[in-house]
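K.L.:
As a plain string of letters, each chain reads:
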Amino acid sequence: MKHVEEYRRKDLVTKLARQIDAKLDRPVTLMEVCGTHTMAIHRHGLPDLLPPELKLLSGPGCPVCVTPTGFIDAAIELSQKENVTLATFGDLVRVPGSTTSLEGRKAEGADVVTVYSPLDALAAAEKRPDRNLIFLAVGFETTAPTGALVVQEARNRGLQNFAVLVGNKLVPPALRALLQDEAVKIDGFICPGHVGTIIGAKAYEPIVREFGVPCVVAGFEPVDILAAILWLVEMVVSDEPEVRNAYERVVTWEGNHAAMDCMNEVFEVEDSLWRGLGVIPASGLRLNDTYREFDAAARFDVVMHEVPDTSGCRCGDVLRGAIEPTECPLFAVRCTPESPVGPCMVSSEGTCAAFYKYRRE
Amino acid sequence: MCLAVPMKIVEREGQRGVAELEGVTREVALHFVDAQVGDYVLVHAGFAIQKVDEESALETIELFREMMAEEFPDEGRTS
Amino acid sequence: MGGDDKIILAHGSGGKLTRRLVSDTFLKKFAHPVLAELDDSARVEMGANRICFTTDSYVVKPLFFPGSDIGKLAVYGTVNDLAVMGAEPLYISCGLIIEEGLERDILERVVESMAQACEIARVSLVTGDTKVVESGGADGLFINTSGVGLLPEGNEFGVERISAGDRVIISGTIGDHAIAVLAAREDLGLKLSELKSDCAPLNHLINRVVQQFDGIKFMRDPTRGGLATVLCEIAESAPISVHIREETIPIRREVNGICEILGFDPLYLANEGKVVMVVASSIADELCDVLRSDELGKDAAVIGEVSSDSPGDVVLHTAIGGSRLVTMLAGDQLPRIC
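Residue numbers (my numbering), protein chains in the order written: chain R, 4 to 364; chain F, -12 to 66; chain W, 127 to 464.
Everything labelled a hint here was simulated from the structure, so no lab data went into it.
Using N, Cα and C, we set each Cβ at its ideal position, and we do this for glycine too.
Don't take each hint at face value.
Stated by the list, open to error - DSBU-like, lysine-lysine: derived pairs with alpha carbons at most 35 Å apart:
(1) R/84 / R/13
(2) R/5 / W/322
(3) R/130 / W/257
(4) W/187 / R/5
(5) R/13 / W/257
(6) W/317 / R/5
(7) R/360 / R/5
(8) F/-5 / R/360
(9) R/130 / W/317
(10) R/360 / W/257
As the list claims (entries may be wrong) - So the derived list for chain F, only partly shown, Cβ under 10 Å to chain R, looks like this:
(11) -7
(12) -2
(13) 34
Isolated chain R (complex conformation) (with noise of 0.2 Å):
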């Protein structure tokens, strides 16, 4: 696989982590904030070739982990309207509810479908127009524009019967929140790099400015990882904070201009809950005045509830990386893959799950 192969080299894999474990001279914690990132730091088992001494958490940028109970709630109330079908990405169909997820309501009879482009919905939408088609659109900023551009299209097309139901959300306010988080110690950011394909590497600048934390935007394969780790140790040991891009092959300083104008063109920036840390100041969007007639919400009638999260459940504190998941006394005993409690365990990304799944130690 061209552009991917070259990154798994073992030889070149082998060399960065001595590399790294050379260059460390001193206890080191890093923040991964994707979950994609998450995931394929367990699958390829990274966490082997990296010395005791340097830390890696696993940050909120799972988009399942951090959507709030009460959208889910919401989803599950709009799939009993009449005439509703629902299209989700796979990611969503298995997190918990206050009562149920989608895979249960499916198992009731709701029409739930499961899609991997928000396109799929739209052309199931003008296949069937007998049906109200509702799309959830979560996501970071890698995903909003292909939401967006949907939006447009479904306007341009004078489509009835399309709606969405938003929960998108963006990185780098919950990146500032973070280290606004006194608890939370974190030296060294490794970016979301799809994120930074859409953002541009300038987007974690202010980041680096303003609390002197350096940030690599890393792209997802073994080689990558593992330099972008080595960056940021340099960076800490030299106490030189900067972004630097190790992503440059998809990675610009200015990012997509045509993805996020279609993102400006239809959402607007409001205060988000984030599941577990709270209301993030403008770190979520919502369809514009323009596109509000395509909002679920507004046309079915239905409200986003603020949900308290579970008692006992600490998705929360290992979402903002102050715990690890053996710390959450629900981690393994009660709340496991099949029967998940939080997100953080539902997600196939989150870090509850990636950590059952590949390490439980």
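The hints should help you fit chains F and W onto chain R, whose structure is shown.
P.N.:
Same frame as chain R, now just chains F and W:
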């Protein structure tokens, strides 16, 4: 967040195209990139979200190799 | 939560929820020691003979997909469940549940396919049943097949025979069937150029190696739940661990490609023409060569070994030099964007 894979554009018509990876093809939306047949693009949720800069990719691999050769000169170049 | 008071799709995917359903509901009511073994087929005695007896239901959608169809699958699936126990498959039954409105032509094609499959596998379909249900009840067609075969003296294969030092063999590439079926579902928009389901009868291939080698300890066909599920089942039924090496696992590039696009792990994908074998170390390489000389085993490979350390674990040694645990999934994998 964000599973995306590099795929090669094999067909293009306006803002829709067909991309290929390991013999698998899929329709891909090209609204966000200016890509031609033969280009590699990063595909996420059915959309191309960026072109893969081939030159930059080669440079990065070269850079890694040089880094490694520098630090471990007795082990020779990794090629 | 879905799954507590209602049956959900995940209960049928062969992973953790299926197993829990079996132990909580079925084993409680049907307390026979043979059932409790939960092998691919049951070993029972009838008079002077030992026979193997198995049943399986086929609910695949779409009914036709590259390389196979529900009928072929139904015959070979049952043949294979007998073959991996070391039995000679002889007779099968077939129960059809047909949805009202199914095109007659489709039924004819499925039955023709089943007839051909029986001939290739050299089994006889000797009894059957047909029911028709209302529209919406069966996705077109459901098939159940049961099968019996003779278990020769001396053919004792089972987890209890596995010991540390044994090696693990897979007879070919993984995930072909699951991906062929997935690609045939139009809603994902994925097109394959060459990949077909690997659906095939394994009894002739297995017979060859069973005749030639002592030292085969255990065999299973990694259907739903995939290779990973079989290995997990092995590791938890004896005080042993299983270690496999990522770069030795045979996988076709199209399967790899789709897994990367959708975020699937190929270890959990279903196979319908492959067998996992655990064999004594001394015969592993030669046995693998014999498999490779057969069309159905041409990509066979030794992929790992059994160890006595960290019992219960299945460890994947990754291509870049790391390692991770392989555990059972709760339900089927779903395409993800993250």
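K.L.:
Each hint needs a verdict: does it hold in this structure or not?
P.N.:
Each hint tested on the structure:
no.: 1; hint: R/84 / R/13; verdict: 53 Å, violated
no.: 2; hint: R/5 / W/322; verdict: 24 Å, holds
no.: 3; hint: R/130 / W/257; verdict: 33 Å, holds
no.: 4; hint: W/187 / R/5; verdict: 33 Å, holds
no.: 5; hint: R/13 / W/257; verdict: 57 Å, violated
no.: 6; hint: W/317 / R/5; verdict: 19 Å, holds
no.: 7; hint: R/360 / R/5; verdict: 29 Å, holds
no.: 8; hint: F/-5 / R/360; verdict: 33 Å, holds
no.: 9; hint: R/130 / W/317; verdict: 21 Å, holds
no.: 10; hint: R/360 / W/257; verdict: 43 Å, violated
no.: 11; hint: -7; verdict: 4 Å, holds
no.: 12; hint: -2; verdict: 16 Å, violated
no.: 13; hint: 34; verdict: 5 Å, holds
When each numbered hint is compared with the structure, violations occur for hints 1, 5, 10 and 12.
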